[in-house]
Amino acid sequence: MNLDYSLLVPEFLLALAGVVVLLADTFRGELKSGRQLLPWLTVFGAALYGATGAAAGSMTSEFAGIFAVDAFTAFFRVLFAVTLVVVVVGSHEYVSKNIRHQGEFYTMLLFATVGASFMAGARELLTAYVGIELLSFSLYVAVSLAKSDSRSGEAGLKYVLLGGLASATLLYGLSLVYGAGGSTSYVEIAKNLEHVEGLRMPLVLGLVMVIAGVGFKASAVPFHMWTPDAYEGAPLPVTAILSATSKAAAFALILRLFSGPFLPVIGEWRTTIAILSLSTMVVGNLIALQQTNIKRLLAYSSIAQVGYMLMAVVTMSDVSASALLLHMGGYLVTNLAVFMGVIAFYNHSNTEEISGLHGLAETNPFLAMVLAAGLLSLSGMPLLAGFTTKFILFQAAASGGYLWLVTLAVIMSTISLFYYLKVIRQMYVVLPDGSQLPYATEPSVRQERWSMSPSSTLVVSVLFLGIVVVGLYVAPLAVAADNAARALFKA
Amino acid sequence: MISLTHYLVLSGVLFALGFYGVLVRRSAILILIAVELMLAAVSINFVAFASYLDAKLFTGVIFAIFVITIAAAEVGLALGIVLRIYRERSTANVDEASTLKW
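For the record, the sequence lines run as chains A and B.
Residue numbering for the first sequence follows this note's numbering, beginning at 1 and increasing consecutively.
Residue numbering for the second sequence follows this note's numbering, beginning at 1 and increasing consecutively.
Calculated directly from the structure, the hints in this document are not laboratory data.
Ideal Cβ placement from N, Cα and C applies to all residues, glycine included.
Hints may contain errors.
As the list claims (entries may be wrong) - Between beta-carbon pairs, the in silico distance windows are: (1) B:F58 with A:F418: 52 to 58 angstroms; (2) A:A51 with B:I62: 32 to 38 angstroms; (3) B:F58 with A:S148: 46 to 52 angstroms; (4) B:G76 with A:S33: 29 to 35 angstroms; (5) A:V479 with B:M1: 55 to 61 angstroms; (6) B:N93 with A:Y473: 52 to 58 angstroms.
Required output: the full structure, derived from the provided sequences and hints.
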């Protein structure tokens, strides 16, 4: 057994950063630096984690048979690190204005990322479960952290109760899988499931319950009920983490489970996931049409994206896994750009309503452009990240033989354009005084222009560049995704 | 002789009772108790499988210990959130927490 603790250095550094942030917040009186230090410590910890994680990218090793350190883990470590840095820098102004318990806030984000990292690397059921709970517990606290907003507490309550139900279901499923597979190690389960006879019934029941549990984490319909409420009630940066880190970690776990231990019994779960994918993209897109709150709109839009991503799980192979990882990267960049834009907008205007965005193209053209690019990329417009990665994802699913599912996904993508354009219309067609473009007379009072804080400007510009670069030159990300997928199937 | 099936039926019944409790209860505290019932069913499953599959490999028992520990942490956390709701609205009933819809 390989007990080389240096394999886990990235996670240790991240957890250490969490503890240091908590201590720095407790002793901020003695340190005389106030709370200025906390975001810097967080960013520093996340950067160290990302750098050490990327440095281990060429390794193929395993810690005690429970945690794999390979290209797949490295891919997700870098994704999580980038997400954390972006969210912390981009929401600096928001946090200092709206969140009283900053030490706890940054600590919870760091611990959530540790949990996500363990979900991505786990090669054993217990490790994966502890990772899930570390991620979930941190997010339960983070969602209900806005003490001045009563929606936050309600969102936290709904999230924690439904989350408890989901994790109990997942655990029951895992216990049945453990019974049928005879082990908690992914490798052993895969070996034993190739000729499972007596325990067919418990195995199928266990698989369904595991799918329900991870489907809850990834917010697939019909396990999505918590998503819109938690997204709307949570503070904006936490919503960004929910839609990025939490979702990516859920898919990392799904990929590890369904490409390894559950692959021998693919016939038992393929149809279930296909139905899940179908209902997720239909329900997500259709309910998104009638949203008026931007956070809720983005919640349903992210549910719809999960539906597309699940298609790649249905046709599980190294090609579709690579396409899924690529789309995950493109989705994260795009989604973070939109969220950081919304945070910058909220800092100025204190509103989350879509109608509040009216005339943004007049008052802050740069932010309006970034938001428009992000939303168009989410819907899959060419030249932007969302188109390229989605195209490769759909292609992988189609060549896997699920053409009917892909056809539906294309139709749903077209429908999604409607609600993204609704937001863009508010920014570009409606003028700041509320009148609409074609009929408007010359505006009587010219609206003041406003600009974002320097940190927001930096993050939003970088993410905008990211959307365009991934859209036009996808090769580096595709190579990384390819390596990760290959490591996944080799292990 | 008590067979593996006996344990599985017991845990299945316990799990179903817990699930029923989550669905019908209105108070957040009672829902938490029902979730605990479901987790107890999980522990029974793990220990039963561990002793019937391979008495020397006790991964299942360790899993059960982790489940108990994490469940305790979860209840502590959830009660904190319930307390906050109670302070704000003087009720811990989930059907009255309904400002967020659709």
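Okay, the hints, checked on the actual structure:
1. At about 56 angstroms, the beta-carbon gap between F58 (chain B) and F418 (chain A) stays in the expected band of 52 to 58 angstroms.
2. For A51 (chain A) and I62 (chain B), the hinted distance range of 32 to 38 angstroms is satisfied, since their beta carbons lie about 34 angstroms from each other.
3. Under the hint 46 to 52 angstroms, the C-beta atoms of F58 (chain B) and S148 (chain A), about 49 angstroms apart, fit the expected range.
4. Between G76 (chain B) and S33 (chain A) the beta carbon distance is about 32 angstroms. The supplied range of 29 to 35 angstroms therefore holds.
5. Take V479 (chain A) and M1 (chain B): their Cβ atoms lie about 59 angstroms apart, and the range 55 to 61 angstroms holds.
6. Taking 52 to 58 angstroms as the suggested C-beta distance range, the pair N93 (chain B) and Y473 (chain A) conforms, at roughly 55 angstroms.
When the structure is compared with the earlier hints, no violation turns up for any of them.
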